[in-house]
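Novice: Line by line, the protein sequences give chains A, B, C and D.
Note that my numbering has the first sequence beginning at 5, numbered continuously upward.
Note that my numbering has the second sequence beginning at 5, numbered continuously upward.
Note that my numbering has the third sequence beginning at 5, numbered continuously upward.
Note that my numbering has the fourth sequence beginning at 5, numbered continuously upward.
For the record, the hints were derived by calculation from the structure and aren't laboratory data.
Any given hint could turn out to be false.
Remember, identical chains collapse to one label, so a pair may be satisfied in a single copy or spanning two.
Straight line, CA to CA, 30 Å or less: simulated DSSO-like cross-link-like pairs of lysine-lysine [as the list claims (entries may be wrong)]:
no.: 1; residue 1: Lys148; residue 2: Lys53
no.: 2; residue 1: Lys7; residue 2: Lys148
no.: 3; residue 1: Lys7; residue 2: Lys53
no.: 4; residue 1: Lys334; residue 2: Lys8
no.: 5; residue 1: Lys334; residue 2: Lys53
no.: 6; residue 1: Lys173; residue 2: Lys8
no.: 7; residue 1: Lys7; residue 2: Lys173
no.: 8; residue 1: Lys173; residue 2: Lys334
no.: 9; residue 1: Lys148; residue 2: Lys8
no.: 10; residue 1: Lys7; residue 2: Lys334
no.: 11; residue 1: Lys148; residue 2: Lys334
no.: 12; residue 1: Lys53; residue 2: Lys173
no.: 13; residue 1: Lys148; residue 2: Lys173
From a predicted model like this one, the values you see are computed outputs, not experimental measurements.
4 protein chains.
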Amino acid sequence: MKKKSRFLQTPIEPFAVEAGLTADQVLTRMERISFQGRNLATAHRIWQKMLQDDVTIFLGMAGALSAGGLRLVVAHLIAHRYVDCLVSTGANLYHDLHETRGQSHYLGSPTADDAALAEERIDRVYDTYASEEEFCSNDAWIAKFATTLETRPYTTREFLYLLGGHLWKTTGRDGILTAAYRANVPIFCPAIADSSIGMGLSQARHRDATAGHIDVIGDIVESANIVIRHPRTASVVLGGGTPKNFINQASVQAEFFDDRVGGHRYALQIVTDVPHFGGASGSSLEEARSWGKLATDAEQVTVHADATIALPLLVSALAASAQDTLAARKPLAFDPSGPAMAVNGRPFPPARFEAR
Amino acid sequence: MKKKSRFLQTPIEPFAVEAGLTADQVLTRMERISFQGRNLATAHRIWQKMLQDDVTIFLGMAGALSAGGLRLVVAHLIAHRYVDCLVSTGANLYHDLHETRGQSHYLGSPTADDAALAEERIDRVYDTYASEEEFCSNDAWIAKFATTLETRPYTTREFLYLLGGHLWKTTGRDGILTAAYRANVPIFCPAIADSSIGMGLSQARHRDATAGHIDVIGDIVESANIVIRHPRTASVVLGGGTPKNFINQASVQAEFFDDRVGGHRYALQIVTDVPHFGGASGSSLEEARSWGKLATDAEQVTVHADATIALPLLVSALAASAQDTLAARKPLAFDPSGPAMAVNGRPFPPARFEAR
Amino acid sequence: MKKKSRFLQTPIEPFAVEAGLTADQVLTRMERISFQGRNLATAHRIWQKMLQDDVTIFLGMAGALSAGGLRLVVAHLIAHRYVDCLVSTGANLYHDLHETRGQSHYLGSPTADDAALAEERIDRVYDTYASEEEFCSNDAWIAKFATTLETRPYTTREFLYLLGGHLWKTTGRDGILTAAYRANVPIFCPAIADSSIGMGLSQARHRDATAGHIDVIGDIVESANIVIRHPRTASVVLGGGTPKNFINQASVQAEFFDDRVGGHRYALQIVTDVPHFGGASGSSLEEARSWGKLATDAEQVTVHADATIALPLLVSALAASAQDTLAARKPLAFDPSGPAMAVNGRPFPPARFEAR
Amino acid sequence: MKKKSRFLQTPIEPFAVEAGLTADQVLTRMERISFQGRNLATAHRIWQKMLQDDVTIFLGMAGALSAGGLRLVVAHLIAHRYVDCLVSTGANLYHDLHETRGQSHYLGSPTADDAALAEERIDRVYDTYASEEEFCSNDAWIAKFATTLETRPYTTREFLYLLGGHLWKTTGRDGILTAAYRANVPIFCPAIADSSIGMGLSQARHRDATAGHIDVIGDIVESANIVIRHPRTASVVLGGGTPKNFINQASVQAEFFDDRVGGHRYALQIVTDVPHFGGASGSSLEEARSWGKLATDAEQVTVHADATIALPLLVSALAASAQDTLAARKPLAFDPSGPAMAVNGRPFPPARFEAR
């Protein structure tokens, strides 16, 4: 009998339906199918590996995931240290704050009459609504909080830690900001000026010319220092955007000062954008290798799917499959409470990249 | 206190992660999130309703789902009568036959060296491989079978029933064609000429000028007659393509002869195409209403997702949540074995739309 | 000075705006930009090369291009032999016939009230409307024509030639079907059963059980024979679908009988689908190489764009840049008028692949 | 004769091919076709109207347009005041600076061997390459420039004006930054921290703890003040991202302080993202109405296309069709040279939204 081609080694195993399968069983049965289903199963496997390895895991979050019902999934990832550092758009943190303050987003329709919504001051995010009035109250709440701070620049990391603390003390409710505060997980928000948190800060400035100073360049230094301190990292990206690039930039910037860095050891991204229009959100993890954002031998996978489908399934599966690994995991201990962050008790040098 | 806007009725309920959730529990928790996650949960609910209602359910199937590891999901849907009639591309039936004949598709890479693959005669479907040699043996097998048939035109429905029967008798293995044969579920393949089954038939013709006559126009008549016989229908579409339109066409054509028809009562589609380029695959179910393909009050949902993610989760959930409904369901009894199909014991008029 | 990397050879040349640029000047200035702009400029260059080379050029056409205002672009391509053989969906030919018969499609809105449209029997294709009543009159017109044919199976190629002839004689108007009739350019429609032309044929069958017999398997044989007769081909694909695969299938099927074939020498596709969901419409031209659909050294390009933007620009440019080439071109002379097509005066063997 | 439906008013006019058509003639012939082709023609018409009306036109720019060969198109738009204010990602400004400094991006391949590229320190952006070494020299150049500034926070608007001036004085070359400097067109870069310009600034900080202070919250105040000063605006968005939202935020924030604002009067966006995943980049202009980002009666259009195809055609057309309008246009005169920007000679209040 003729020898099989070297290309024909592992047969596709068709997915076998069964009543009562759990999320992790569903993903396990998807490991040998094709296309994005296989990729999602691979993401499950790679995330498990990350958690077993000695790496600092960055989570990037773009798209309206908080408004869209995934904020407690992200809070769960933070609280149980599936991830060690969050990079987010401002909107996701703002919508999280909105709900943690006891307000809601609402089921809506993508074919709504937007003139009627505008009339009633309802803001629409595809199939989801929110009250503009409540949004304005958030802005004022943020502005008021910002005017209580010292008159010096704050990195977004420090500001968001303090904001999370204030939110936790006022509400005692779970959410992304409060979970990060309680778990000492740093949050960076590089595009904070492009969000309603930024609008709140600008209203603080309006009231007090010395308020609302945010040091986004300090964030660059500090995010790179996290990588330099422990030059083994992994990247989990939901939806592209500024978080995706900022996480990669931290790695590239760190390598500039420390040649042990060498890019992320693992990378997974769940995106709906495609590579062929050249934008960063859709850029492939292969391309990331050319930049040194990713180690040449890194395990990586891109899942082309809406996070509102992929993430609930993936994290429900991990909650079961990674339970023991999470219990045994010893991630870096961050102290994000002051002007200079500390890692495992040792603070970063202020305003400098940490020399090796 | 001010009254809430009429638009702000049902709050988003953030997905709550928990270890050990089953597929249907995951989908239930996705009902009040947003975007495609909510849509997939809605698809679950609509399919349950279809099964409880007295409707004939068409399943359309395009995209490389059989090669991609979903053929046993579709076979399960047929065997347990989650659906009553399949409309498929030729490729999906061919790749099903390929595996039912004991051969495999294989895990591959989307960044493979295609010249090297061509050298070894490996055919690639994105991240999945198959042996061209084995494909040629299928073609010959189909050609040989076709030459055993009578020298008259066969609708694809009749031909595929006979092919499924031959396959079942030769292999005794599960698959789409064999499940449909055993469950008397008719299969239509309107674009059979654009597939390797068509190539097999053309090779039969090459051997015998009287062989390989397929009557695709007869399929139009018969598919409409299924609707006329019981003018309450539903449509489940995976991936658009010719199956999507053929199912709608059956309804539109039926209405031309019987004004009780009025379009599908339920419709769900899992597609990756978008409406704004004007193609039928991505066309919205709203648009379908203008054509009368869909009843004006039909419950419908479009899920923008790769079926290799959405379908395993959705059908795993249904296998649990619809178990009792399926047991109690009394669908039409088809006899697809002869030149004219019979429904509940009464054959269709040959070569005619059934007058009311 | 350090030597430049071998990867850094040809600089991007930013597009320079100027008033009065013609279409071909615009495309020429896009040759050294990036992403899909560069790809469209490459498509322009590759199509010019095809026309200079001794190849038979297949054009595949899917998506609602005729309803969407591109039917006279396609008619122009046929009349002036930018292409030699058309493979189309049924809808594109039907919508062409609709306008050639003196009726119109209309500007509409993608956010229309579809219930109101249904009420007035207006069919919507995204942002374009048509009258259902006029569509029904087309169906009847086709049915009536079909009942005038002999009671034998017709390939779609023969049927569409006769339909185009009848249309030309009745209307004297330009369009795809009439241009193809007049230029003796064969048209194949592998999924004719999935279209309103198919519906018209099924109504002919309803009136007369012996009418409306279409031999789609004969089309497979004949399309492969076109390749065998002159085994140097090129493929231009608009929008994927059945035409894309049917053109490739002709090449693959031909190679089975004649090893000179070796796949298309040139290929260009303008598609909006993506490869990573595994469907044929979005499949890459790299992947096509593994199947032998494309010669290993073929020049090829995929343009990810809506054809309603790309095609008017591309063909307007070619109309200027390829004028002399078109005048000098000596394509195969087809006679598509009879049961067996003839090429350069020599008919194909009936019901057989042409042996070498 | 029966009356036509009110829905069937304006027939589709098929595009008529002709040799020698200019860009604006091509777009004019696309006005009555369908889908994205029609939308691009509508964008042409809407931009012409904007230029004739008394509105301040914001241009948003995301995606790798500068690296991809469109920087001189954008520079042209700025120099000739097709637009009045630019909001950009950092990368687009950085890649512009890269070329203005006399360096290049290069034609590359999307299927390159990224390990080999990494080896030679070539960075890939889909099908385009750049030298990492040259990038590092830019970073150092920016860092050095930043250390020459006063030790106070700079808005991105002020910083980028000074950077453009320095670039113009050093190179005398055309580009986005230099054109904006010369035309006194303000540039905002809300996510500057997520870019190589930010990396350059962080290296300035590393050298000098008092350097590299950017006041992104000041940008929010100032961008809103531009709207308040002249509350009639228009928005042209390329590719979504932070620029899209920042432009809308300026309008929303301005309205909070001045009820004359009422959203943009005109809006056009060229995007490849879709609305149904809920992200801001793909969000529809209909949805923008619910937020008051867009006036309820605004003329608006979304073109779903890669900007590398759509923009060269669109701006080439405008260069001819809008020539007279541009000559007659009297836009606001900005002075972006100091800590507080001035409009028509009158400076904004420092650190405050301008009260009505």
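Novice: Next, verify each hint and record whether it holds.
Specialist: Results for each hint:
no.: 1; hint: Lys148 <-> Lys53; in the structure: neither (44 Å within a copy, 42 Å between copies)
no.: 2; hint: Lys7 <-> Lys148; in the structure: between (74 Å within a copy, 27 Å between copies)
no.: 3; hint: Lys7 <-> Lys53; in the structure: neither (34 Å within a copy, 42 Å between copies)
no.: 4; hint: Lys334 <-> Lys8; in the structure: neither (45 Å within a copy, 46 Å between copies)
no.: 5; hint: Lys334 <-> Lys53; in the structure: within (14 Å within a copy, 48 Å between copies)
no.: 6; hint: Lys173 <-> Lys8; in the structure: between (65 Å within a copy, 28 Å between copies)
no.: 7; hint: Lys7 <-> Lys173; in the structure: between (68 Å within a copy, 29 Å between copies)
no.: 8; hint: Lys173 <-> Lys334; in the structure: within (27 Å within a copy, 54 Å between copies)
no.: 9; hint: Lys148 <-> Lys8; in the structure: between (70 Å within a copy, 26 Å between copies)
no.: 10; hint: Lys7 <-> Lys334; in the structure: neither (47 Å within a copy, 47 Å between copies)
no.: 11; hint: Lys148 <-> Lys334; in the structure: neither (38 Å within a copy, 41 Å between copies)
no.: 12; hint: Lys53 <-> Lys173; in the structure: neither (36 Å within a copy, 46 Å between copies)
no.: 13; hint: Lys148 <-> Lys173; in the structure: within (15 Å within a copy, 44 Å between copies)
In this structure, the earlier hints numbered 1, 3, 4, 10, 11, 12 are contradicted, and the remaining ones agree with it.
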